[in-house]
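Chains as they are written, first to last, in this note's numbering: chain A, 117 to 165; chain B, 64 to 508.
In case anyone wonders, no lab produced these hints; they're calculated from the structure.
Heads up, some of the hints might be wrong.
As a list, the in silico SDA-like pairs of lysine to any residue whose alpha-carbon atoms are at most 20 Å apart [said to hold, decoys possible]:
{"no.": "1", "chain 1": "B", "residue 1": "145", "chain 2": "B", "residue 2": "132"}
{"no.": "2", "chain 1": "A", "residue 1": "120", "chain 2": "B", "residue 2": "152"}
{"no.": "3", "chain 1": "B", "residue 1": "145", "chain 2": "B", "residue 2": "131"}
{"no.": "4", "chain 1": "B", "residue 1": "145", "chain 2": "A", "residue 2": "125"}
{"no.": "5", "chain 1": "A", "residue 1": "120", "chain 2": "A", "residue 2": "130"}
{"no.": "6", "chain 1": "A", "residue 1": "120", "chain 2": "B", "residue 2": "394"}
{"no.": "7", "chain 1": "B", "residue 1": "145", "chain 2": "A", "residue 2": "121"}
{"no.": "8", "chain 1": "B", "residue 1": "145", "chain 2": "B", "residue 2": "449"}
{"no.": "9", "chain 1": "A", "residue 1": "120", "chain 2": "B", "residue 2": "148"}
{"no.": "10", "chain 1": "A", "residue 1": "120", "chain 2": "B", "residue 2": "395"}
{"no.": "11", "chain 1": "A", "residue 1": "120", "chain 2": "A", "residue 2": "132"}
{"no.": "12", "chain 1": "B", "residue 1": "145", "chain 2": "B", "residue 2": "441"}
{"no.": "13", "chain 1": "A", "residue 1": "120", "chain 2": "B", "residue 2": "408"}
{"no.": "14", "chain 1": "B", "residue 1": "145", "chain 2": "B", "residue 2": "397"}
{"no.": "15", "chain 1": "A", "residue 1": "120", "chain 2": "B", "residue 2": "137"}
{"no.": "16", "chain 1": "A", "residue 1": "120", "chain 2": "B", "residue 2": "407"}
{"no.": "17", "chain 1": "B", "residue 1": "145", "chain 2": "B", "residue 2": "408"}
{"no.": "18", "chain 1": "A", "residue 1": "120", "chain 2": "B", "residue 2": "393"}
{"no.": "19", "chain 1": "A", "residue 1": "120", "chain 2": "B", "residue 2": "399"}
{"no.": "20", "chain 1": "B", "residue 1": "145", "chain 2": "B", "residue 2": "394"}
{"no.": "21", "chain 1": "A", "residue 1": "120", "chain 2": "B", "residue 2": "445"}
{"no.": "22", "chain 1": "B", "residue 1": "145", "chain 2": "B", "residue 2": "445"}
{"no.": "23", "chain 1": "B", "residue 1": "145", "chain 2": "A", "residue 2": "118"}
{"no.": "24", "chain 1": "B", "residue 1": "145", "chain 2": "B", "residue 2": "156"}
{"no.": "25", "chain 1": "A", "residue 1": "120", "chain 2": "B", "residue 2": "156"}
{"no.": "26", "chain 1": "A", "residue 1": "120", "chain 2": "B", "residue 2": "397"}
{"no.": "27", "chain 1": "A", "residue 1": "120", "chain 2": "B", "residue 2": "401"}
{"no.": "28", "chain 1": "B", "residue 1": "145", "chain 2": "A", "residue 2": "119"}
{"no.": "29", "chain 1": "A", "residue 1": "120", "chain 2": "B", "residue 2": "450"}
{"no.": "30", "chain 1": "A", "residue 1": "120", "chain 2": "B", "residue 2": "149"}
{"no.": "31", "chain 1": "B", "residue 1": "145", "chain 2": "B", "residue 2": "442"}
{"no.": "32", "chain 1": "A", "residue 1": "120", "chain 2": "B", "residue 2": "132"}
{"no.": "33", "chain 1": "B", "residue 1": "145", "chain 2": "B", "residue 2": "450"}
{"no.": "34", "chain 1": "A", "residue 1": "120", "chain 2": "B", "residue 2": "400"}
Residues from chain A shown here face chain B by an in silico Cβ test under 8 Å; the list is partial [unchecked claim]:
{"no.": "35", "residue": "119"}
{"no.": "36", "residue": "122"}
{"no.": "37", "residue": "126"}
{"no.": "38", "residue": "129"}
{"no.": "39", "residue": "130"}
{"no.": "40", "residue": "133"}
From the three backbone atoms N, C-alpha and C, an ideal C-beta is built for every residue, glycine too.
Chain by chain, the residues:
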Amino acid sequence: MTSKEVSVWTSRLLLFAVANDVRLVILSDGIANRNHGGFYTPEEYAASQ
Amino acid sequence: MSDRETWASRLGFLLAAIGSAVGLGNIWQFPFKTATNGGAVFLVFYLAAVLLIGFPAMLAEFIIGRRTNRNAVDAFAELGFKQWRVVGGLGVFTGFWILSYYNVVGGWVMRYILGSATGAYFGNSAEYFGAISSGPEAVAGQALFLLICVGIVAVGVEDGIEKATKVMVPSIVILMIGMAAWVTTLEGAGAGYSYFLSPDFSTLAANAGDLIPFAVGQAFFTLSLGMAAMITYSSYIGDDESLPVDGGIIVVTNTLVGVLAGLVVFPILFAINISPDTSGPSAIFVAMASAFPQLPGGRLLGIVFFGVVLIAAISSAISLLEVAVSYGVDNTSYSRVSLSAMLGVVLFVLGFPSAWDLAWFGWFDTLAYKLFLPLSVLLVLVFVGWVLSSDAVAELRQGTGGLRAFGPTWLWMVRTVVILGVILTLALGLQTLFLAEDPAIIPPI
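If we strip away everything but chain A, and leave its shape as in the complex, we get (with noise of 0.2 Å):
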């Protein structure tokens, strides 16, 4: 792999990163501080039962 190669890649994964963080802002609502997914606090988890 050359380093032309090297960045091109490099670049491509960081287009996917960045592509999962615009996914991540503009489709969530309320998105800080979600614990859902089983990643409750106890307290919460007692909550929502």
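We have chain A already, so just place chain B on it with the hints.
Relative to the frame of chain A, chain B by itself:
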């Protein structure tokens, strides 16, 4: 190749490799996965996975690395199989994927050092975790942790990883033993021991789709397999060293630290009346943060404990970052410093969702365990077991002395038990990712 750095000593390699294996994987991820997958049943499957799949798979990665003395991608080309370079590439990508959210946990650990100093979590340890584990504060922690790791890798192998891990690893083990001994004196600890050590197989059939991929994935995660890390590390080992002995030392040390973490975490959780399956990724944090306020010198003990966990986390993170940087140094005109900085930026952007929202954290973690890790290990095993075949056995023989019969047995294991175990793991993982009612492959919104 002549200017490539080498390990200063055999001890240096071993401690660095153990440092790579002993990290958040044992101390944080092991109690987390044990807690969310049924306790002792998970422990049984995890131990079986380490012994029957993890250890032989680690030797497979060692063989590729030492035979070629190259980075994880070019090693395949060096052996004469250029088209297999994609397997090395998948390993590097998997390491990156994992590192992206590993940095977030590193950030949590740093926050807990601060919390120990100020006593911020002394009031309610569970609430504190909920407050700091996602959102802007977690992003800041992730960035700081990443900055430290990038700085160490930019300095280089000799100065960075090797010297640091020589000091780190023994202190982790000693501290965990001390904590485990103290925990035996807690009232209510007995239920924790029984949860962790007495398996209840009655729920196994209903949970196999999660339990098996997470147990096998945990073995890969803690041993740094499927991330190209062990291929890169073993490329620095000399031909006169015994791979099975080196691998055995790493596997045993690594497993003992994980079990020790369980012996500390579960008795505490039961003593403070927190059900393990609700604690998830907070298990180690909540347990420790609940214990320290009860102890004399709790703040200092908290700083020391989370300080050591931070060191362990850094040593593992830099070993993953080193995989990609070593590739770049070997193959491109980029300098070590600029490569480290460039990859640091990519990792920060990739890991941002995991720091911002715990649901995304879970998505990254699930994909790593159920798809990338088993797929990456499976391809390495196919390559070593069928493509390299007798050449792999010959490489394994180098430096083994009295262990000459070990090679053929290992190859037989790889071609039967190991490969079947990994295929089963991947199949169960793919089923929950793609075919379940609520497919886990779809990112949370």
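To see whether the hints hold, each was checked on the structure:
Using a Cα cut-off of 20 Å, the hinted pair residue 145 of chain B and residue 132 of chain B holds, with the two alpha carbons roughly 16 Å apart. Taking the CA atoms of residue 120 of chain A and residue 152 of chain B, the gap is near 16 Å; set against the 20 Å cutoff, the hint holds. Between residue 145 of chain B and residue 131 of chain B the CA atoms are separated by roughly 13 Å; this keeps the pair inside 20 Å, and the hint holds. For a cut-off of 20 Å, the pair hint linking residue 145 of chain B to residue 125 of chain A stands: about 18 Å separates their Cα positions.
Taking the CA atoms of residue 120 of chain A and residue 130 of chain A, the gap is near 15 Å; set against the 20 Å cutoff, the hint holds. Proximity of residue 120 of chain A to residue 394 of chain B is assessed by CA-CA distance (about 11 Å); at most 20 Å being required, the pair is judged to hold. The straight-line distance between the Cα atoms of residue 145 of chain B and residue 121 of chain A is roughly 16 Å, inside the 20 Å bound, and the hint therefore holds. Taking the CA atoms of residue 145 of chain B and residue 449 of chain B, the gap is about 16 Å. The hint holds against a cut of 20 Å.
Between residue 120 of chain A and residue 148 of chain B the CA atoms are separated by roughly 18 Å; this keeps the pair inside 20 Å, and the hint holds. The suggested pairing of residue 120 of chain A with residue 395 of chain B holds, with an alpha-carbon distance near 8 Å, which does not exceed 20 Å. Only pairs whose Cα atoms come within 20 Å are accepted, and residue 120 of chain A paired with residue 132 of chain A is accepted, the gap being roughly 19 Å. A hinted pair counts as satisfied when its Cα atoms are at most 20 Å apart, and residue 145 of chain B with residue 441 of chain B qualifies at roughly 18 Å.
With a CA separation close to 18 Å, the supplied pair residue 120 of chain A and residue 408 of chain B stays within the 20 Å bound. Distance hint between residue 145 of chain B and residue 397 of chain B is unfulfilled; the C-alpha atoms sit about 23 Å from each other, more than 20 Å. At roughly 16 Å between alpha-carbon atoms, residue 120 of chain A and residue 137 of chain B fall within 20 Å of each other, so this suggested pair holds. Proximity of residue 120 of chain A to residue 407 of chain B is assessed by CA-CA distance (about 19 Å); at most 20 Å being required, the pair is judged to hold.
Restraint check for residue 145 of chain B and residue 408 of chain B: not satisfied, since their Cα atoms lie roughly 30 Å apart, outside the 20 Å limit. Under the criterion of a C-alpha separation no larger than 20 Å, the hint pairing residue 120 of chain A with residue 393 of chain B is consistent with the structure, at around 14 Å. As the CA atoms of residue 120 of chain A and residue 399 of chain B are separated by approximately 16 Å, the hinted pair is consistent with the 20 Å bound. Among the hinted pairs, residue 145 of chain B with residue 394 of chain B is consistent with the structure: their alpha-carbon atoms are about 15 Å apart, no more than 20 Å.
A distance of roughly 31 Å separates the Cα atoms of residue 120 of chain A and residue 445 of chain B; the hinted pair therefore is violated under the 20 Å criterion. Restraint check for residue 145 of chain B and residue 445 of chain B: satisfied, since their Cα atoms lie roughly 15 Å apart, inside the 20 Å limit. At most 20 Å may separate the alpha-carbon atoms for a hinted pair to count; residue 145 of chain B and residue 118 of chain A meet this at roughly 15 Å. Under the criterion of a C-alpha separation no larger than 20 Å, the hint pairing residue 145 of chain B with residue 156 of chain B is consistent with the structure, at around 18 Å.
Under the criterion of a C-alpha separation no larger than 20 Å, the hint pairing residue 120 of chain A with residue 156 of chain B is consistent with the structure, at around 18 Å. Only pairs whose Cα atoms come within 20 Å are accepted, and residue 120 of chain A paired with residue 397 of chain B is accepted, the gap being roughly 10 Å. Only pairs whose Cα atoms come within 20 Å are accepted, and residue 120 of chain A paired with residue 401 of chain B is accepted, the gap being roughly 14 Å. For the suggested pair residue 145 of chain B and residue 119 of chain A, the alpha carbons sit about 18 Å apart, so the restraint of at most 20 Å is met.
At most 20 Å may separate the alpha-carbon atoms for a hinted pair to count; residue 120 of chain A and residue 450 of chain B exceed this at roughly 31 Å. A threshold of 20 Å between alpha carbons decides the hint, and for residue 120 of chain A with residue 149 of chain B the separation of about 18 Å falls inside it, so the pair holds. Taking the CA atoms of residue 145 of chain B and residue 442 of chain B, the gap is about 14 Å. The hint holds against a cut of 20 Å. Between residue 120 of chain A and residue 132 of chain B, the direct Cα distance comes to roughly 24 Å. Violation of the 20 Å bound is thereby established for this hinted pair.
Taking the CA atoms of residue 145 of chain B and residue 450 of chain B, the gap is near 12 Å; set against the 20 Å cutoff, the hint holds. A threshold of 20 Å between alpha carbons decides the hint, and for residue 120 of chain A with residue 400 of chain B the separation of about 17 Å falls inside it, so the pair holds. At its closest, the beta carbon of residue 119 of chain A sits 4 Å from a beta carbon of chain B; the interface hint therefore holds under the 8 Å criterion. A least Cβ separation of about 5 Å between residue 122 of chain A and chain B falls short of the 8 Å threshold, and the interface hint therefore holds.
For residue 126 of chain A, the suggested interface contact is upheld, since its CB lies about 6 Å from the closest CB of chain B, less than 8 Å. Hint status for residue 129 of chain A relative to chain B: holds, with the closest Cβ pair at about 5 Å, below 8 Å. A hinted interface residue such as residue 130 of chain A counts as satisfied when its beta carbon comes closer than 8 Å to some beta carbon of chain B; here the least separation is about 5 Å, so the hint holds. Contact between residue 133 of chain A and chain B, as hinted, is supported at the beta carbon level, the nearest pair being about 4 Å apart and thus within 8 Å.
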